[in-house]
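We have chain A; now place chain B onto it with these hints.
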Amino acid sequence: MSKIIASIKEAIRQSGLSDGMTISFHHHLRNGDMVAVMVLDAIAELGIKDVNVNISSVFDTHGPMIEHIQNGVITGIETDYMGGVVGRAVSEGILNKPVTFRTHGGRPSDIISGKSPIDVAFIAAPAADCMGNCTGKVGKSACGSLGYAFADAMYAKTSIVITDNLVDYPLMDYSIAENYIDYVVCVDKIGEPSGIVSGTTKITKDPVGLVIADYAARAIEASGLLKDGFSFQTGAGGASLAAAKYLKDIMMKQGVKGSYGLGGITSYMVDMLNSGCFEALYDVQCFDLDAVRSIRENPKHMEVTAAHYASPTAKSSAVDSLDVVILGATEIDTQFNVNVHTDSNGYIMGGSGGHSDTAAGAKMAMIVAPLSRARLPIVVDQVLCKSTPGDTIDVLVTQCGIAVNPRRGELAERFRQAGLPVRDICELKDMAQRLNGTPKKPQLSDRVVANVLYRDGTLLDTIHGVPAK
Amino acid sequence: MRRSMLFLPGNSPNILLNADFLGADSIILDLEDAVALTEKDSARILVRNAIRSLNYTREVIVRINPVDSPYWQKDLQQILPVKPDMIMPTKVSCAKDVAVVAEEISRLEAQCGFAENTVKLIPLIETALGVENAYEIASASPRVAAIFLGGEDFTADMRCKRTKEGTEILYARSRMVLAARAAGVDVYDTPWTDVEDYDGLIEDAKFAKGLGFSGKSSISPRHIPFINEVFSPTEEEIQYAKDVFATIEKAKAEGKGVVSLRGKMIDAPIVTRARQVLEAAEAIKGGR
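Going down the list, the sequences are from chains A and B.
With the first sequence counted from 1, adding 177 to any position gets you my numbering.
With the second sequence counted from 1, adding 1 to any position gets you my numbering.
Since the hints were derived computationally from the structure, they do not count as laboratory data.
Restricting the straight-line Cα-Cα distance to at most 16 Å, the calculated cross-link-like pairs of lysine to aspartate or glutamate (EDC-like) are:
| # | chain 1 | residue 1 | chain 2 | residue 2 |
| --- | --- | --- | --- | --- |
| 1 | A | K382 | B | D195 |
| 2 | A | K379 | B | E197 |
| 3 | A | K382 | B | D198 |
Okay, chain A solo, but in the shape it has when bound (with noise of 0.2 Å):
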């Protein structure tokens, strides 16, 4: 018996797809991914319209997705995440639906629970044997970890592999097993390999960016969390991987062996891993060559569902048992709200991918961002949209001080014995507001083009459309 099918094309009518129904990519392979437009582009030619996208991510290498709006191929997108390209469309009104945006953990949950349905998931895979057994840890288009494929994989009434990398049946060390797949197709090529793993993801050089880092780094050793078995994530921003940096050098100072590591990882907790400052990575996501490479031969580096790591519906998630998560932010209103969705002028840029998530999990979630981007004040009065509530959010760290969400007085206090500079939110607003100006609210129309949904599917906020220039 074999899975394989000769052509894409032939795979989708086997699978039986229509009009109205609704098929889901992963994002791994990120900014270098090719399936998700192949597929689009061979559904477009056997006629089929009016489907529905649930993609983990929207990169701007989905820009031919705007295409298939216009030609009525796609009417509806779900997903975490959503690149300017293709965030600038929707903002303008290109779909007629609302896009419904869910995060990292809720995503996994509303497929598993059959609130979010998949007719068809088309699996992206690095390797893969005939029977459907798939892995992303090796093959010429890499990318480590699989872990926001398995719920689709499982879910779907149908769900097809597609490789450049078929291997001899069994794959050894597979991620997604064979008895969730229906059909595999071999291709030429699923991705740029320049696109999946850019190798750019490194530490800032920028002296604000430092001085972020430097605080955001002794801000968690004054915390009382850095102690053995301390668990921590942090994004692959320049500041957030300066702050890891920073912290592993704390770590090894005093000796203190974390637990584990979490989320998209990055060279930088490769290192950590290694210098024996965390037990394990849990690895739902790979951001460069050398965690692609550990997820490949350490077996303390390990992959993670996005069920595992941030499902809020799951019996437990990994999310849930974290001490600190650093993260970005575009906007953080004086209630802590932050927005990581839109730009200043209200254009879809982004989303909460596992921001959320981390930020409800983790003991001490921990924003760090400039007081201003580009002559505009980060921390204002009110974001333009709320992507994570302020209650879950506890410190914003900038170069001119650490604000500390008046629920934790306490850790405020550890800061200030510290020495680490402690203001009110207020007053660094006004101090961005004073070296900036205060910007004036963008024009947007009354129509909604975007719903985010926080993890729990509950409407947390609505992402309105701005007028096309």
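This is chain B only, laid out in the frame that chain A set:
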């Protein structure tokens, strides 16, 4: 407490906006080498406005153009009214160079209604003649609060190569420290110019501290935490200083004249050193 001094270009708005937050004890806003001839006017105005509106909490030093250039008076005319803590005159080679600048500052201070000697001087000594005249410069005016060695220009003037080991500036460094201490002013060391070489920086800073420098300057914000650490008293030094005073108190109470701590007699230099350590510790207060 001045452990670190950070040079920042006077023509970069974003840098000026964040100058206070980069961890240096003093910021040197530069109108001289970091600013192209075509931007002298705009940098002067930018630095003036930054000092006026940003309420810097760090000590603010403005590096002005040399007295043999057509810019230094304009620099002072714009900058003095916003009352920087110090002015750094450049290429200072003799007492007269200091006097010329000091005189112009006095005139401007009177014009602005400031008390005489409000704005101090930290002459940048970066020529062979300047090093030769270091004591004369350090004691040229009551405005002089410190002197500063510029290693790059100095070695160019000496026609020798600037090396990481710094043997070529060892005499100049020693001479500067001697002159400053003899004149009763502070003395600051030249920057470490390899931005990425932190180990080299730490060694160089320790060496400078060992020679007697009050602190060290930098051209990179990334060097500041290392310099601050080298020039901060260690926990052991602070504890020893506290023990010195505790021992003296105890001896007084017991009516003893001569006292010793850890087998060494506590004499005047030990007390002076202990006081300096505690003053420095108090000035830093756990900050970095």
